[in-house]
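All chains should be built: construct the whole structure from the sequences, respecting the hints.
Heads up: the protein sequence lines correspond to chains H and D, in order.
The opening residue of the first sequence carries number 1 in this note's numbering; numbering runs sequentially from there.
The opening residue of the second sequence carries number 1 in this note's numbering; numbering runs sequentially from there.
Hints were generated in silico from the structure; no laboratory data involved.
Hints are supplied without guarantee of correctness; some may be wrong.
Since copy identity is lost for identical chains, a pair holds within one copy or between any two.
[To be verified] Straight-line Cα separation of at most 16 angstroms, EDC-like style, residue types lysine to aspartate or glutamate; simulated pairs:
1. LYS178 - ASP398
2. LYS103 - GLU275
3. LYS407 - ASP186
4. LYS372 - ASP99
5. LYS279 - ASP382
6. LYS279 - GLU245
7. LYS407 - ASP165
8. LYS331 - GLU275
9. LYS378 - GLU245
10. LYS108 - GLU63
11. LYS407 - ASP193
12. LYS178 - GLU403
13. LYS178 - GLU43
14. LYS279 - GLU384
Protein chains: 2
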Amino acid sequence: MTAAAAHANTTAGKKFDLGNAVELVSKEEGHRQPLAPEFVSLEDFSPLEVAYDFGKIRREDIESGPRSIWRYKQFLPVPGNVDQIPNTEPGCTRLIQADNLAKALGVKKIWIKDDTGNPTHSFKDRVVAVALAAAREFGFKVLACPSTGNLANAVAAAAARAGWDSVVLVPKSLERAKILMSAVYDGSLLAVDGNYDDVNRLATELAGEHEDWAFVNVNVRPYYSEGSKTLGFEVAEQLGWRLPEQIVVPIASGSQLTKVYKGFNEFSQVGLVDESPVKIFGAQASGCSPVSTAYRNGHDVVQPVKPDTIARSLAIGAPADGPYVLDVVRKTGGAIEDVTDDEVRAGIRLLARTEGIFAETAGGVTVATAKKLIEAGKIDPDAETVLLITGDGLKTLDAVEGELGPKATVAPSTESVNQALGL
Amino acid sequence: MTAAAAHANTTAGKKFDLGNAVELVSKEEGHRQPLAPEFVSLEDFSPLEVAYDFGKIRREDIESGPRSIWRYKQFLPVPGNVDQIPNTEPGCTRLIQADNLAKALGVKKIWIKDDTGNPTHSFKDRVVAVALAAAREFGFKVLACPSTGNLANAVAAAAARAGWDSVVLVPKSLERAKILMSAVYDGSLLAVDGNYDDVNRLATELAGEHEDWAFVNVNVRPYYSEGSKTLGFEVAEQLGWRLPEQIVVPIASGSQLTKVYKGFNEFSQVGLVDESPVKIFGAQASGCSPVSTAYRNGHDVVQPVKPDTIARSLAIGAPADGPYVLDVVRKTGGAIEDVTDDEVRAGIRLLARTEGIFAETAGGVTVATAKKLIEAGKIDPDAETVLLITGDGLKTLDAVEGELGPKATVAPSTESVNQALGL
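Given below as structure tokens:
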């Protein structure tokens, strides 16, 4: 930790080891305040973001680190010994060259960042691991969240491995399979008699009442969201220490897109990669497309909507980081599009058919949006494009249930098989 | 390829690049024959296994290789450029130190090899990738298998990514979710009007009839099964280039256990690790425990059984490699045990609760068997133990469905939550 960091971390009378993190900065007006479990600036009421004093960071330091997001610990608000403390070990998922998909879409080169390989099979393991590490430094004892899916799995699993209690709040109506996936880790899974908005409001109230509960996406959100930078870091390292030319990122709250951008900037800022332009594209489902709509209409603010889409992990009607997404996309020369539920299903199937990767609905949104942006000439077909696949198809089986099945039912004879296959 | 390999590979009048592989050897009497897509010795009717001429292999060659099983290509029957050819990229999954589980089981140290991180979330991606690479060299054009689960997913996905057609045969009665998982990759998934035995018999008939169909676990089985060695290789490399003291491996056909052992031997044979004793333990479900029964009774042969267990991925009543498993386990000073379905469910929940890993029923078998072997004093509590977790809980949700759910259903108020949690 630098001297500046040591200073900032003790101004509140407490001593946190959060590595190179030095303070929190408000996104709107840049007000600075000490590192603490707070998420909104009381000066300008905008979200708080972690600022760092990186010093010198070399490729060798990262390359010799663990095969997990902790190899990037110098870029995260976590203690220097984070890889020695019980936590999950997400990250270092595959980046594969997707030639079949590229051919199907008529472009030169596509890379798939396949985050289904994480411990609970979504990118949420990344953000939760960072939230847990920071929460421990702040003295929290319980890991908590409101959720309808991936986040619940990630929080319950990470807490189990760290030996923490967890409180996971889900709407009572949640599908049985998702309840099971969250219940198996044996934390305190509570079904709330209400919809997701009720659950969310309840989480904020509980965060105010229980001093030792870290709601990952509420009171430690600035730390949590930094975990998404590791997607950008890994893409750059896996490309051989360079930034990609174009990248398509799904938008829920919008945090992931802005953090991938922040990650790219930090890598070039410290000289790990050459500065080079990256066009950042955003993907939404038409049934919940407030950011895409604002982009299309040339607005700077985002009008909330009531979500109605099969892409539930992206169904945030009032995305907190919407305005910042618009800013990043416009600044980098990208674009934002949205796709119908039918296009989402087709996107899931296209990716599975061409590359053998079964993505959740959010992945279908990313693939289908990329297709649409290519057809509209917004994605350059001669430049490479990275697609972020952030979750697993096994968790959203219901989305494709209606249209998939065996090619045929046959008798147990070679004649019957040959006939069914037209041989 | 060595001169010996070049010779062996051309004796049949064809030229295959299968790397350091030189010939096939029968397991019973050691009869040798050229590399070919054959799986049974016509001399002694025992299974054929791949033999190699390794030459010099250095740690640096492996460490600088790809982050997949192809880093071990010199130990596999695959061409030297295998990592440049379209295929899946399984392997390099996590090996984590499981201190919570070790504490719960009263032993000093446990490592979990978490193979749920593979492309289709089971170890089958390893064997299928090797089968595909070898099958391509032999001139096959279609990847095929009979299956009830993990193998179907792995074959359909690998074929999709390689741009091959696939033929996957499943019993008509297979659960809807498993049908979906296999259908999404858009190969030729056929539902067969019969039970799994019928499907298996049909596969063998079709393999005889279609010259360009590679049934991964039938006509290219000697190559396919070599993929399991990579589990052993990774454990050794991830432990810092040494062999573990004890390892627990689930038994279906028994192939995996014998191949993990073969992998350890090959690593010490070429000098990548020091030779050191590894006790190898086998795990079965009591509802399909022919190998465990033979072990208990001191038999050398395995009496087939009719499987009845929730651990369907291990439910092979007549395990082909059963006698070889008995041999390996006895030779290394290990043991074999079996556990009830209730113990399997408890094993799944114990692993999830302690380490945040949600395993399929086969993983529950491994954990529960380890527990039983520890309690019986057969696993040394002061030595380290590696547990192989070879598949994902999301694929066997029905196994735990009955006993998991929310702790409570609450009203959307902090009072209601506090009361439910006894706060």
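Here is what the structure says about each hint:
In the homo-oligomer, the alpha carbons of LYS178 and ASP398 lie at most 16 angstroms apart both inside one protomer (11 angstroms) and across protomers (12 angstroms), since each shortest distance falls under that limit. With identical chains, the CA atoms of LYS103 and GLU275 are never at most 16 angstroms apart, being 29 angstroms at best within one copy and 48 angstroms at best between copies. Proximity of LYS407 and ASP186 under a CA criterion of 16 angstroms is satisfied inter-copy only: 9 angstroms between copies versus 40 angstroms inside one chain copy. In the homo-oligomer, the alpha carbons of LYS372 and ASP99 never lie at most 16 angstroms apart, since the shortest distance is 18 angstroms inside one protomer and 48 angstroms across protomers.
For the homomeric pair LYS279 and ASP382, the shortest alpha-carbon distance inside one copy (13 angstroms) is at most 16 angstroms, but the shortest distance between copies (55 angstroms) is not. Proximity of LYS279 to GLU245 under the C-alpha cut-off of 16 angstroms is restricted to the intra-copy arrangement: shortest distance 6 angstroms within a copy versus 51 angstroms between copies. In this homomeric assembly, LYS407 and ASP165 come within 16 angstroms of each other (Cα to Cα) only across copies, at 13 angstroms, whereas the closest approach inside a single copy is 46 angstroms. Proximity of LYS331 to GLU275 under the C-alpha cut-off of 16 angstroms is restricted to the intra-copy arrangement: shortest distance 15 angstroms within a copy versus 59 angstroms between copies.
Taking the closest pair of Cα atoms, LYS378 and GLU245 come within 16 angstroms of each other only inside a single copy of the chain (13 angstroms); across copies the shortest separation is 57 angstroms, beyond that limit. In the homo-oligomer, the alpha carbons of LYS108 and GLU63 never lie at most 16 angstroms apart, since the shortest distance is 29 angstroms inside one protomer and 31 angstroms across protomers. Taking the closest pair of Cα atoms, LYS407 and ASP193 come within 16 angstroms of each other only across two copies (13 angstroms); inside a single copy the shortest separation is 42 angstroms, beyond that limit. In the homo-oligomer, the alpha carbons of LYS178 and GLU403 lie at most 16 angstroms apart only across protomers (14 angstroms), although the nearest pairing inside one protomer, at 21 angstroms, exceeds that limit.
Taking the shortest Cα distances, LYS178 and GLU43 never come within 16 angstroms of each other, neither inside one copy (39 angstroms) nor across copies (53 angstroms). In the homo-oligomer, the alpha carbons of LYS279 and GLU384 lie at most 16 angstroms apart inside one protomer (10 angstroms), although the nearest pairing across protomers, at 49 angstroms, exceeds that limit.
Hint violations for this structure: numbers 2, 4, 10 and 13, all remaining hints satisfied.
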